[in-house]
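Construct all of the structure, not just a fragment, from the sequences and the given hints.
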Amino acid sequence: MTEFLRFALSGLPLGCVYALMAVGLVLTCRTSGVFNLAFGAQAFVSAAVHYQLHEVYEWPRAASLVVAVAVAGPILGVILDRGLFRYLRSSPVVVRLVVALGLLVALPAMVEVWVGSGVKFDPPGVAPNPDRVFRWGDYALNADQVAAVVATVVLVGALTILLASTRLGLRMRAVVESPRLSELAGVDADRVTTAAWLLSGLMAGLAGVLLSPLFATLDDVNFTVLLVAAIAAAAFGRLSSITLTLAGGLVLGVTQQVLAGYLPLDSVLAQGLRPSLPFAMLFLLLLVLPGLRAGAVDDPLAGVDPPPPPLTVAHRHGITSRLVQAAGVTALVVAALVFVSDYWLFLLSTGVVFAIVFLSITVITGMAGMVSLAQATFAGVGAFTAAQLAVRYDVPILLGMFLGAVLAAGLGALMALPALRLGGVHLTLATLAFALMVDNVVFPLDAVSGGSLGLAVPRPLVGPFDFSGDTAFFLLAVAVFAVAGVATVLVRRGTVGTTLAAMRGSEVATAAMGVNPLRAKALAFALSAGVAGAGGALYAALLGRISPADFTSFFGLFWVVLVVTLGARSVEGALVAGVAFAAFPEFLDAVGLPGEMAYVVFGLGALSFARHPEGAVEAARRGVTALWPGRAR
Amino acid sequence: MTPALEARSIRKSFGGVTALIDVSMVVAPGETVGLIGPNGAGKTTLFDCLSGVQRPDGGRVSMAGRDVTHLPVHRRARLGLGRTFQRVELFPGLTVRQHLLLAERVRTGEGGLWGDLRGQGLASRSEQATVEAMIGLVGLDGAADALVESLDLGHRRLVELARALVGRPTVLLLDEPSSGLDHVETQAMVATLDAVRRERGTAVVLVEHDLDMVTTVAERLYVLDHGVVIAHGEPERVFAEPGVRTAYLGASA
Chain V
207 MTEFLRFALS GLPLGCVYAL MAVGLVLTCR TSGVFNLAFG AQAFVSAAVH YQLHEVYEWP
267 RAASLVVAVA VAGPILGVIL DRGLFRYLRS SPVVVRLVVA LGLLVALPAM VEVWVGSGVK
327 FDPPGVAPNP DRVFRWGDYA LNADQVAAVV ATVVLVGALT ILLASTRLGL RMRAVVESPR
387 LSELAGVDAD RVTTAAWLLS GLMAGLAGVL LSPLFATLDD VNFTVLLVAA IAAAAFGRLS
447 SITLTLAGGL VLGVTQQVLA GYLPLDSVLA QGLRPSLPFA MLFLLLLVLP GLRAGAVDDP
507 LAGVDPPPPP LTVAHRHGIT SRLVQAAGVT ALVVAALVFV SDYWLFLLST GVVFAIVFLS
567 ITVITGMAGM VSLAQATFAG VGAFTAAQLA VRYDVPILLG MFLGAVLAAG LGALMALPAL
627 RLGGVHLTLA TLAFALMVDN VVFPLDAVSG GSLGLAVPRP LVGPFDFSGD TAFFLLAVAV
687 FAVAGVATVL VRRGTVGTTL AAMRGSEVAT AAMGVNPLRA KALAFALSAG VAGAGGALYA
747 ALLGRISPAD FTSFFGLFWV VLVVTLGARS VEGALVAGVA FAAFPEFLDA VGLPGEMAYV
807 VFGLGALSFA RHPEGAVEAA RRGVTALWPG RAR
Chain L
94 MTPALEARSI RKSFGGVTAL IDVSMVVAPG ETVGLIGPNG AGKTTLFDCL SGVQRPDGGR
154 VSMAGRDVTH LPVHRRARLG LGRTFQRVEL FPGLTVRQHL LLAERVRTGE GGLWGDLRGQ
214 GLASRSEQAT VEAMIGLVGL DGAADALVES LDLGHRRLVE LARALVGRPT VLLLDEPSSG
274 LDHVETQAMV ATLDAVRRER GTAVVLVEHD LDMVTTVAER LYVLDHGVVI AHGEPERVFA
334 EPGVRTAYLG ASA
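Here the protein sequences come in this chain order: V and L. My numbering numbers the first residue of the first sequence as 207 and each following residue consecutively. My numbering numbers the first residue of the second sequence as 94 and each following residue consecutively.
Just to be clear, a hint being listed does not mean it is correct.
[To be verified] Which chain L residues face chain V? A few, computed with CB under 10 Å, are given here:
#1 V166
#2 L174
#3 A196
#4 L210
[As the list claims (entries may be wrong)] Pair by pair, the computed Cβ-Cβ distance ranges are:
#5 S117/L / V692/V: 52 to 58 Å
#6 L304/L / V830/V: 55 to 61 Å
#7 Q179/L / P791/V: 50 to 56 Å
#8 R598/V / S106/L: 58 to 64 Å
#9 R218/L / V695/V: 22 to 28 Å
#10 H163/L / F210/V: 42 to 48 Å
Hints were generated in silico from the structure; no laboratory data involved. The structure presented is a predicted model; accordingly, all values stated were derived computationally and were not measured. For glycine and all other residues, C-beta sits at the position ideal for the given N, C-alpha and C.
Right, here's the structure in full:
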């Protein structure tokens, strides 16, 4: 029993940080309707500011803390509200999600550009004397852990009092109920929302500096895990109850540490289950809590807003422009073969292979209007399946590629079916939880990925055609992309694409025609996962050796941001995104910028999604078309 | 004769608000029934329960004798229940033609993934004929290739009606079909409904605030007030009931 309590106590500080984040998340989510996926990134910013000021510039701890928590955190919150999310209030869920994702990608990268990307050991904590240990009989906590508990109790207590018995608190609760009704009653809802963002920024900052000493290094991945744990806790509180949210965070933190204490250190369970507990819990909560869905829209005046502008772009290109395009692509392919160095040919092949993977995002986000963060995971499923089949059973790699795609498609549909009922933000969260879980539990297994050395993957050999040469492989990649691209266009124009477009417009009316919405969405998910799996397998053959690091869930996040920024609605968008993903680091290197700038550029680029849902490629083409008088539409 | 659509003792409440209390309704095949009542009487909630958008707390819905209470929206649609919405629900980004073609494909089950991949995305000749006939029937000739978001409310209601009709429903639920239409358009809508009823024997239930229109087309009326059916029967008899006049004109009338 003592042992159990000791483990439980050591989980308390972690649970407190989870709870702090979760309460901040709920606060902004309820007042401004934004599910702030960038919240973990906000916490990371404050932690990094504290590290930089205290460790590098050698400021006194207190001064550094004040700047990191009470200045940087709230200011960032207010900037995000006033500069960004305020204008997205009536935007579709997809837009708000993508913008938050862009921030999630861009903010940590901006920090790394500032502080440098090296590993930062022993991030500083809050307590002036971190080595001091508080003991009560058998139980002990160090000063940072005590600080985490005390800070959480004080802050959540203060927030409860603020909400329950102050004017601002009353107004916040009113705005949570209905921003528009509050405005009619003379409340400046915008100011109240800003206050909520300021407060939540403060909480993110505090959570950031409290969390970082609990880990050995300062790493933004820890903050993504923190975010997921916070989302799970917030889901436990059904995105409204602060008490339940607090309880959810504490339970999660304590369970995690108790599991860590009892499970043998080297077992698969300990290595996989413990870190993935928040994801597993989130996934389960999303599935079993029906109230989450019902609570989404309860503003009695929600219908007053004009409907959001449609995301669809009615683009019909004439036959001439198609011919010109085809000729252009052919010319590029020939030029690539004739003029380009081996290294650049490899990069181009990488780009085309990624373009295939990115077509999966064209399908799921561009066509079906859903945001899946598990596309890198599906690509990984395709890649590891093809590789294992080739290594163990001598299955030809192209056949393995097909089987990998089929497995990924099946998995996609299987994962999606229960989550699809949720829709919107919750579906996206479920895909994120799924991706992180596979990241932690499945891909590291030796039987899947061949352990730390990775897996060697052969290149295809079809009858007399040998694709092991770089040139031949490039042509193969182009051919596969062409087939996948044409198929995408056919599906988009056909019944399936029209049905998905109809469901984006009105799901209830589509169902009233006789379409099973779940089936249509699951089909989109399966198609998308299948395309990602095929692309992933081709990528495996291109690289020749793959490891889990090639398919981490972070790529899944970044790819969505990248494709959506450049154009999730067209095949060209996917192609440009693929080439950009492969070649942009080279470009940055050539002009002497750090590699993180890619995340900054495209992460911030995603912010343009609100204005240009068709993506930068299509927007640029329209700009060019408009230059010719008479051709402008 | 088995009713085309029957609701028995439907109950529905939202939190503390009771929207429907023991509402029963019978619609015979080919019959046109009007559903009237003041704002907030529960008319749209009843439509939602009939079409499966909402699940009633109690009671039974059946179509042609078959219990459909637990079937989802799309299954009821396949069984021949069509509906329109009070807040028009169309598909922005699609043209009128695309709306109707999609509805036709859903009805016939043509298309699908393999059809699309074999390049059968464009309408076949018979599909084209169906779509053109429907466009002519509801009078959308000038707007066939327009994106629906560019149409005015009256035309949007017509698109919704046409989309529902393409599905060849046996029962059609229309939620305020004439709101947003001017007098001439309303007359045209009445004529269209008449034609549909005569040619196809479709039963129609319509929620309508325009009492002139509803008494013109409906053979029987149901009057809903505070979630209760306070009167039903032929229009003249219904309007003679004192309770109906109270509900419409206030207690002093």
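With chain V as the partner, please determine if V166/L meets the hint condition of a C-beta pair closer than 10 Å. Holds, about 4 Å.
Given a hint of 58 to 64 Å, does the C-beta separation of R598/V and S106/L actually sit inside it? holds, 60 Å
Do the Cβ positions of R218/L and V695/V conform to the proposed distance bound of 22 to 28 Å? holds, 23 Å
May I ask you to test the hint 55 to 61 Å on the CB atoms belonging to L304/L and V830/V? For V830/V against L304/L, whose Cβ atoms are near 57 Å apart, the range 55 to 61 Å holds.
Could you see if the CB distance from Q179/L to P791/V stays within 50 to 56 Å? holds, 54 Å
Given a cut of 10 Å on the nearest C-beta pair, is the interface hint for L210/L held or broken against chain V? holds, 6 Å
A range of 52 to 58 Å was offered for this pair. Does it hold for the Cβ distance of S117/L and V692/V? Holds, at about 55 Å.
Interface hint outcome for A196/L [beta carbon to chain V under 10 Å]: holds, 5 Å
Taking the CB of H163/L and the CB of F210/V, does the distance hold inside 42 to 48 Å? holds, 46 Å
Classify the hint on L174/L as holds or violated, based on whether any CB of chain V lies nearer than 10 Å to its CB. Check passed: Cβ of L174/L comes within 8 Å of chain V, closer than 10 Å.
In this structure, none of the earlier numbered hints is contradicted; all agree with it.
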